[in-house]
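Take a look at the letters that make up each chain.
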Amino acid sequence: MTTAAAPIRAKQRPGDRVFSKSAVFAGSMILVTLAAVATFLIVQSIPALFADSEDASILDTNFWAYVGPLVFGTIWAAALALLIALPISIGIALFISHYAPRRLASALGYIVDLLAAVPSVVFGLWGIGVLAPAVQPVYSWLVDNLGWFPLFAGPVSGTGRTILTAALVLAVMIIPIITAISREVFLQTPVLHEEAALALGATRWEMIRTAVLPFGRPGIISAAVLGLGRALGETMAVAMVLSATGAVTFQLLTSVNPSTIAANIALSFPEAYGINVNVLIATGLILFIVTFAVNAIARWIVARRAEFSGAN
Amino acid sequence: MTTTITPPEPKTSSPISNSLTAGKLPNQAPWMVLGASLLVSAALFGMLALTGGEFDWAGMFVVAALVYVVTITTVSRVVEGPRKAMDRFVTALVTGAFIVAMIPLVSLTITVVTFGLNRFDVEFFTYSMRNITGEGGGAVHAIVGTLLMTGTAALISIPIGLMTSIYLVEYGRGRLARGITFLVDVMTGIPSIVAGLFAYALFAIFWGPGTRTGIAGAVALAVLMIPVVVRSSEEMLRLVPVELREAAYALGVPKWLTIVKVVLPTSIAGITTGIMLSIARVIGETAPLLIAAGFTNSLNYDMTEGRMSSLPVFVYTQYANQGNPPEAYLDRAWAAALTLILIVMALNLIARLVARFFAPKYGR
Chain A
1 MTTAAAPIRA KQRPGDRVFS KSAVFAGSMI LVTLAAVATF LIVQSIPALF
51 ADSEDASILD TNFWAYVGPL VFGTIWAAAL ALLIALPISI GIALFISHYA
101 PRRLASALGY IVDLLAAVPS VVFGLWGIGV LAPAVQPVYS WLVDNLGWFP
151 LFAGPVSGTG RTILTAALVL AVMIIPIITA ISREVFLQTP VLHEEAALAL
201 GATRWEMIRT AVLPFGRPGI ISAAVLGLGR ALGETMAVAM VLSATGAVTF
251 QLLTSVNPST IAANIALSFP EAYGINVNVL IATGLILFIV TFAVNAIARW
301 IVARRAEFSG AN
Chain B
1 MTTTITPPEP KTSSPISNSL TAGKLPNQAP WMVLGASLLV SAALFGMLAL
51 TGGEFDWAGM FVVAALVYVV TITTVSRVVE GPRKAMDRFV TALVTGAFIV
101 AMIPLVSLTI TVVTFGLNRF DVEFFTYSMR NITGEGGGAV HAIVGTLLMT
151 GTAALISIPI GLMTSIYLVE YGRGRLARGI TFLVDVMTGI PSIVAGLFAY
201 ALFAIFWGPG TRTGIAGAVA LAVLMIPVVV RSSEEMLRLV PVELREAAYA
251 LGVPKWLTIV KVVLPTSIAG ITTGIMLSIA RVIGETAPLL IAAGFTNSLN
301 YDMTEGRMSS LPVFVYTQYA NQGNPPEAYL DRAWAAALTL ILIVMALNLI
351 ARLVARFFAP KYGR
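Those protein sequences? They're chains A and B, same order as listed.
So for the first sequence, full-length UniProt numbering puts the first residue at 1; every next one is plus one.
So for the second sequence, full-length UniProt numbering puts the first residue at 1; every next one is plus one.
It should be emphasised that the hints constitute simulated quantities derived from the structure, not laboratory data.
Predicted model only: the values in this text are computed from it and were never measured.
Cβ atoms here follow ideal geometry from the backbone N, Cα and C, with glycine treated the same way.
Treat the hints with caution; some may be incorrect.
Have a look at the derived ranges for each label pair, beta carbon to beta carbon [to be verified]: (1) B/Ile110 - A/Leu213: 28 to 38 Å; (2) A/Ala134 - B/Arg77: 27 to 37 Å; (3) A/Ala199 - B/Val260: 48 to 58 Å; (4) A/Leu187 - B/Asp56: 35 to 45 Å; (5) A/Leu187 - B/Thr114: 31 to 41 Å; (6) A/Ile289 - B/Gly134: 39 to 49 Å.
Please work from the sequences and hints to get the whole structure.
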């Protein structure tokens, strides 16, 4: 007599069935939406991949020659923005988590979060109306005095609407994102580690270097890559601030600047017709792939480092 | 053999040079150095201003900051030793980073308020741009479009997002749940303009190429909003203690009623906050609406027919297609930017107040 008793199963009520089915349905909608995004983009892109200048008026030779400089500009602007934003963000996060008076800390964090709430089109207006005229004299000075350095080669742009200005605006936009994540990670540092470092006679900076930063490194990396992903896809601020010519150049201060994929779509799409629309959608697909790859790298880093992050 | 060990004389008289007894700067030292740096820099730039040109405030503060960092590090190195000097150096840098980040925020606020108030009047909120060239006119069509499209996007994404997070927390096991978590991650990273392209391509199939409608804009916004809603609601649902659920099950409450009557009421404050923050995020999106909904000068209440303007796109088009006189167009752009920022700030503020005042009270 070894027949095991059948497990007791909960009574299936109609309400339960409806509720769980609709929950599964909603979850599947995410799957469907994403599949639809990918499918529509791919289907609409296929005609563009094989088009030449006779089919689409915005192409000079073929699609890949058109999208190459745009990909370069997108990555170059985003990398510059990250280079500017990362040290400042880590500084702000440390200031809020470990330097500012406790009572002020949450209020200061809220102030930085306010930057994230400003719509990108307002950043665009500000960049073109305030920032570009303000930095133009600095650019002239850099070209006059440091022009031998390849990045600062002249002639200087008269309007200040260069790739460096666009990168500055992008940096302002991603600082709150990187700050928010790093701040959370820094606050999670085990207090025992910090107190142990201080008890051994470490100064505040030595405590941060030995206890806080090693603990927070995976968090900082993933925050940086998330910020990079945001900067890659940012549209309006770049479209408004940058006066682009579509060249491939590393020079930061001249009026010859590469454009970015997102800005190019926003500027060209309203007047596009026929196969030009497909060309622009295909560039959007490439942007999607690039940001997807960047985000995947971020997740991979976090997953790989999670086990070494210590103190769990 | 008895040896008496004489304890060594306590050396109270001769100071040893170690980190504990090394010199220490007084507490006010950084402030004094800061004041001195400001004075030196101001004097320097004052002399420059006397010889020619005007007083350069930005340059004055930059030089003062550099002087401060160098001075405090050097003084501390001489008096307190290299380790303390490094600490003071980093403190100065970290504080400086925070101040640098405040510059764009302050500058942006001042600019938007001063330029925005020029046209922040009754006409701006009661007129559309129909048949208006030059001065006058308003943004009522854009405000109506923003409210309609954001509202529709919220109607689409709140049920889907909330039910998905319930699925992930309460039901999801195995491959489907892992897949959905991964895809929500992917969706979070979709660039906003790609969402716009998707909505455009989707509706081009039904209504032919070149159609731009309000509903397409709403779909684009929903694609951007769903992952944010899922993320925040999921986090809030996971905070609900398991004991609450188990208590309900033990009393014989069905699972769906447990979720509806126990889990959701406990986390409703956090969920509301997350939803309002996600609305605040999508209400400022420009690029997807420019692509999917286009822009128009007239009032349009019909989501399925004709182009629909929105506040961010209004800001952009007023700036990009300036007519004569250009100031009238720029003033309208700034006024719309001010309106937009006020809406976003209000949403953020209300969201935080909801989170604070309606949070569940665990105490008895």
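Cross-check of the supplied hints:
{"no.": "1", "hint": "B/Ile110 - A/Leu213: 28 to 38 Å", "verdict": "holds, 35 Å"}
{"no.": "2", "hint": "A/Ala134 - B/Arg77: 27 to 37 Å", "verdict": "holds, 35 Å"}
{"no.": "3", "hint": "A/Ala199 - B/Val260: 48 to 58 Å", "verdict": "holds, 51 Å"}
{"no.": "4", "hint": "A/Leu187 - B/Asp56: 35 to 45 Å", "verdict": "holds, 39 Å"}
{"no.": "5", "hint": "A/Leu187 - B/Thr114: 31 to 41 Å", "verdict": "holds, 37 Å"}
{"no.": "6", "hint": "A/Ile289 - B/Gly134: 39 to 49 Å", "verdict": "holds, 45 Å"}
In this structure, none of the earlier numbered hints is contradicted; all agree with it.
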